[in-house]
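Chain B: place on chain A using the hints.
Single-letter residue listing:
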Amino acid sequence: MKTFRIIGRNFRDAFKGVFRNFSLSLASISCITITLIVVAVSIILSYNVDNFTNLVEKDVTIVSFLDNDLSDEKIDEIKDQISVINNVDKYEFISKTDITKDMMESSDVFESIMKNWSDEENPIQNTFQVKVKNIEDIDNVAKEIKQIDGVTLVKYGEGMVEQLISVFDIVHKVCVISVIALVLVTAFLISNTIKITINSRQREISIMRLIGASNLNIRIPFIIEGLILGALGAIIPIIGTIYGYNALYHNFNGQLFSPFIKLIQPTPFVYTISLILLGIGILVGMFGSWRAVRKHLKI
Amino acid sequence: MELIRLTNVKKTYKTGVTAIQDLNLSINKGEFVFIIGSTGCGKSTLIKMLYREEKPNSGQIIVGGVDVGKLRNGKVYKIRRKIGVVFQDFKLLPKSTVYENVAFALEIFGVPKAEIHSKVVKVLDLVGLKHKIKSYPNELSGGEQQRVAIARAIVNGPKLLICDEPTGNLDPNTSMEIMKVLEEINKLGTTIIMVTHSIDIVKELNKRVIVLDSGRVLKDYAEGTYR
Numbered sequence: 004m005k006t007f008r009i010i011g012r013n014f015r016d017a018f019k020g021v022f023r024n025f026s027l028s029l030a031s032i033s034c035i036t037i038t039l040i041v042v043a044v045s046i047i048l049s050y051n052v053d054n055f056t057n058l059v060e061k062d063v064t065i066v067s068f069l070d071n072d073l074s075d076e077k078i079d080e081i082k083d084q085i086s087v088i089n090n091v092d093k094y095e096f097i098s099k100t101d102i103t104k105d106m107m108e109s110s111d112v113f114e115s116i117m118k119n120w121s122d123e124e125n126p127i128q129n130t131f132q133v134k135v136k137n138i139e140d141i142d143n144v145a146k147e148i149k150q151i152d153g154v155t156l157v158k159y160g161e162g163m164v165e166q167l168i169s170v171f172d173i174v175h176k177v178c179v180i181s182v183i184a185l186v187l188v189t190a191f192l193i194s195n196t197i198k199i200t201i202n203s204r205q206r207e208i209s210i211m212r213l214i215g216a217s218n219l220n221i222r223i224p225f226i227i228e229g230l231i232l233g234a235l236g237a238i239i240p241i242i243g244t245i246y247g248y249n250a251l252y253h254n255f256n257g258q259l260f261s262p263f264i265k266l267i268q269p270t271p272f273v274y275t276i277s278l279i280l281l282g283i284g285i286l287v288g289m290f291g292s293w294r295a296v297r298k299h300l301k302i
Numbered sequence: 000m001e002l003i004r005l006t007n008v009k010k011t012y013k014t015g016v017t018a019i020q021d022l023n024l025s026i027n028k029g030e031f032v033f034i035i036g037s038t039g040c041g042k043s044t045l046i047k048m049l050y051r052e053e054k055p056n057s058g059q060i061i062v063g064g065v066d067v068g069k070l071r072n073g074k075v076y077k078i079r080r081k082i083g084v085v086f087q088d089f090k091l092l093p094k095s096t097v098y099e100n101v102a103f104a105l106e107i108f109g110v111p112k113a114e115i116h117s118k119v120v121k122v123l124d125l126v127g128l129k130h131k132i133k134s135y136p137n138e139l140s141g142g143e144q145q146r147v148a149i150a151r152a153i154v155n156g157p158k159l160l161i162c163d164e165p166t167g168n169l170d171p172n173t174s175m176e177i178m179k180v181l182e183e184i185n186k187l188g189t190t191i192i193m194v195t196h197s198i199d200i201v202k203e204l205n206k207r208v209i210v211l212d213s214g215r216v217l218k219d220y221a222e223g224t225y226r
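Sequences listed follow chains A and B, in order.
Each residue of the first sequence is one higher than the last, beginning at 4 in the numbering used here.
Each residue of the second sequence is one higher than the last, beginning at 0 in the numbering used here.
Here chain A stands alone, though its shape is the one from the complex (with noise of 0.2 Å):
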């Protein structure tokens, strides 16, 4: 019951403590929101390029082509060497009449030309289409299939894969690393803005110590109030979020200049990273408070 009515108490002053220094609680909430807002705006970047990256993983496929000589048992003998290198995924067999139907079904003017080939004219290749698991590695993947007797060309976009990886992986970090950054100069401008509200309130704290209230007495509605100004400061970053993705999402019908980059979906994505606003917010308010009250405080 006591430890409510403290808490309780705590809350109340709390809020009276925001509101009865409120241009310098609005210019620790302003401080806060910018961060987020740019916080939001990096989150969503880096999580949407993990998935551009893992869409790509999934999509990449090693082309194997085949001799068109070799026998059915010497085709199930590929299959069985590809089967057993390392870092294959899946592979699958796709015959050259299948290729060649396909593509006589995919266009008009194929289907003129490859209508009248016959088995022996038909040029295209029988294939292995080849999955590996990690996407890094794929270069050797390639390169053991290639040195399989009866394969005689082997594609996969070299080049281009691993570009567009490598400018993920370091859009990527990047998104990280500010995120990190940005939630540190925060806390350290919160606490300095506290700092200032505090200041002025030096001598109720002088008063609290002086009646006997303990460190933990004094810090705790300070902190609570941090954790106000945090949540507080989260509003608008989070509304942004909410509105902001669902709109960008739906202006782009939710991919990126081509069907291959993907946006991910916003349901429940802005929920998650609302909340994950929502707990830096509070986290970095609270800090920010118990940094600046320290100060105040013998310990």
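No lab work stands behind these hints, which were simulated from the structure alone.
Among the hints, erroneous ones may be present.
Here are the simulated DSS-like pairs of lysine-lysine, each with C-alpha atoms no more than 27 Å apart in a straight line [unchecked claim]:
(1) A:Lys298 with B:Lys77
(2) B:Lys158 with B:Lys77
(3) B:Lys47 with A:Lys5
(4) B:Lys69 with B:Lys94
Sample of chain A residues lacking proximity to chain B, with all beta carbon distances greater than 12 Å (derived) [claimed, not checked]:
(5) Ser45
(6) Asp83
(7) Glu139
(8) Lys146
(9) Glu147
(10) Met163
(11) Arg212
(12) Leu219
(13) Asn249
(14) Ile267
A few chain A residues facing chain B, derived, Cβ under 7 Å [claimed, not checked]:
(15) Lys5
(16) Arg8
(17) Gly11
(18) Ser181
(19) Ala184
(20) Leu185
(21) Val188
(22) Gln205
(23) Ile208
(24) Ile214
(25) Asn218
(26) Arg222
Beta carbons: idealized from backbone N, C-alpha and C, even for Gly.
Below, chain B without anything else, positioned relative to chain A:
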């Protein structure tokens, strides 16, 4: 029964100024003691050490069975809860009413609302300010503000009330009113130590008087012997 004992206490500030040296003193429960002396004689340092705002460099200070000199900073609140302190400048919260200023001392410890109300009203009645319960400090005279400060200091029922020149800012008549309040509190069993420059008050009340000089006890007059 002894409430306070100081044994060979020495206090030198970082600036090199020695405020207290070889101080030995004993104060019993229920006593009313004046501490007087010229400026810089160590009066304020002495009482600051009693409520552990300052630490002695050597010697022992026992207050209510606690060695306050050895208390860690984080544990100082334990002794403060047993001691009420009143200052010359009242130290009230300007944006809070009389009631809130006094209740503040109980609220931070989670005392139930009804209990806070009854204790605050009782203590404000004792200092004669029940009718000003809703006033703000700036609406009160100096004497009234000091009475609020005294009410706040005693609302927790401390065994010891330390007063650092409580009448320093007040005219003689108002000062005597404050002294009457303090005498009342003393009669209820609270030990009072008061630092003052006002010889008139000291003579009028006829209590025990300790005269400090250069950080030492120059004279210790028993009750009724100071003239």
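Cross-check of the supplied hints:
A hinted pair counts as satisfied when its Cα atoms are at most 27 Å apart, and Lys298 of chain A with Lys77 of chain B qualifies at roughly 21 Å. The straight-line distance between the Cα atoms of Lys158 of chain B and Lys77 of chain B is roughly 13 Å, inside the 27 Å bound, and the hint therefore holds. With a C-alpha separation of about 31 Å, the suggested pair Lys47 of chain B and Lys5 of chain A falls outside the 27 Å cut-off, and the hint is violated. Only pairs whose Cα atoms come within 27 Å are accepted, and Lys69 of chain B paired with Lys94 of chain B is rejected, the gap being roughly 36 Å.
No Cβ of chain B approaches the Cβ of Ser45 of chain A within 12 Å, the least distance being about 40 Å, so the stated non-interface status holds. With a minimum CB-CB distance of about 73 Å to chain B, Asp83 of chain A clears the 12 Å threshold, and the non-interface call stands. At roughly 53 Å from the closest C-beta of chain B, the C-beta of Glu139 of chain A stays outside 12 Å, upholding its exclusion from the interface. The Cβ of Lys146 of chain A sits about 66 Å from the closest Cβ of chain B, beyond the 12 Å cut-off, so the non-interface label holds.
The claim that Glu147 of chain A lies off the interface holds: its Cβ sits roughly 66 Å from the closest Cβ of chain B, which is beyond the 12 Å cut-off. The non-interface label for Met163 of chain A is consistent with chain B: the shortest C-beta to C-beta separation is roughly 63 Å, beyond 12 Å. Residue-level check failed: Arg212 of chain A sits 7 Å from the nearest beta carbon of chain B, not beyond 12 Å. Against the 12 Å criterion, Leu219 of chain A falls within the reach of chain B, whose nearest CB is about 9 Å from its own CB.
The beta carbon of Asn249 of chain A is kept farther than 12 Å from every beta carbon of chain B, the shortest such distance being approximately 44 Å. Every beta carbon of chain B lies more than 12 Å from that of Ile267 of chain A, the smallest distance being close to 47 Å; the non-interface claim holds. The beta carbon of Lys5 of chain A is positioned within 7 Å of a beta carbon in chain B (closest approach about 4 Å), and the interface hint is therefore held. Interface restraint check: Arg8 of chain A against chain B, minimum CB-CB distance 4 Å, threshold 7 Å, status holds.
Interface hint status for Gly11 of chain A: violated, as the beta-carbon distance to the closest one in chain B is roughly 9 Å, over 7 Å. The restraint placing Ser181 of chain A at the interface with chain B is violated, with a minimum CB-CB distance near 38 Å, outside the 7 Å limit. For the restraint placing Ala184 of chain A at the interface with chain B, the shortest Cβ-Cβ distance is roughly 34 Å, beyond the 7 Å limit, so the hint is violated. A least Cβ separation of about 34 Å between Leu185 of chain A and chain B goes past the 7 Å threshold, and the interface hint is therefore violated.
Residue-level restraint check for Val188 of chain A is violated (minimum Cβ-Cβ distance to chain B is 31 Å; threshold 7 Å). The criterion of a C-beta within 7 Å of any C-beta in chain B is not met by Gln205 of chain A, whose closest approach is roughly 11 Å, and the hint is violated. Checking Ile208 of chain A against chain B by beta carbon gives a least distance of about 11 Å; that is not within 7 Å, so the hint is violated. Given hint, Ile214 of chain A at the interface with chain B, holds; its Cβ is 5 Å from that chain's nearest Cβ, closer than 7 Å.
A least Cβ separation of about 6 Å between Asn218 of chain A and chain B falls short of the 7 Å threshold, and the interface hint therefore holds. Interface restraint check: Arg222 of chain A against chain B, minimum CB-CB distance 11 Å, threshold 7 Å, status violated.
Hints 3, 4, 11, 12, 17, 18, 19, 20, 21, 22, 23, 26 from the list above are not met by this structure, while the remaining hints are.
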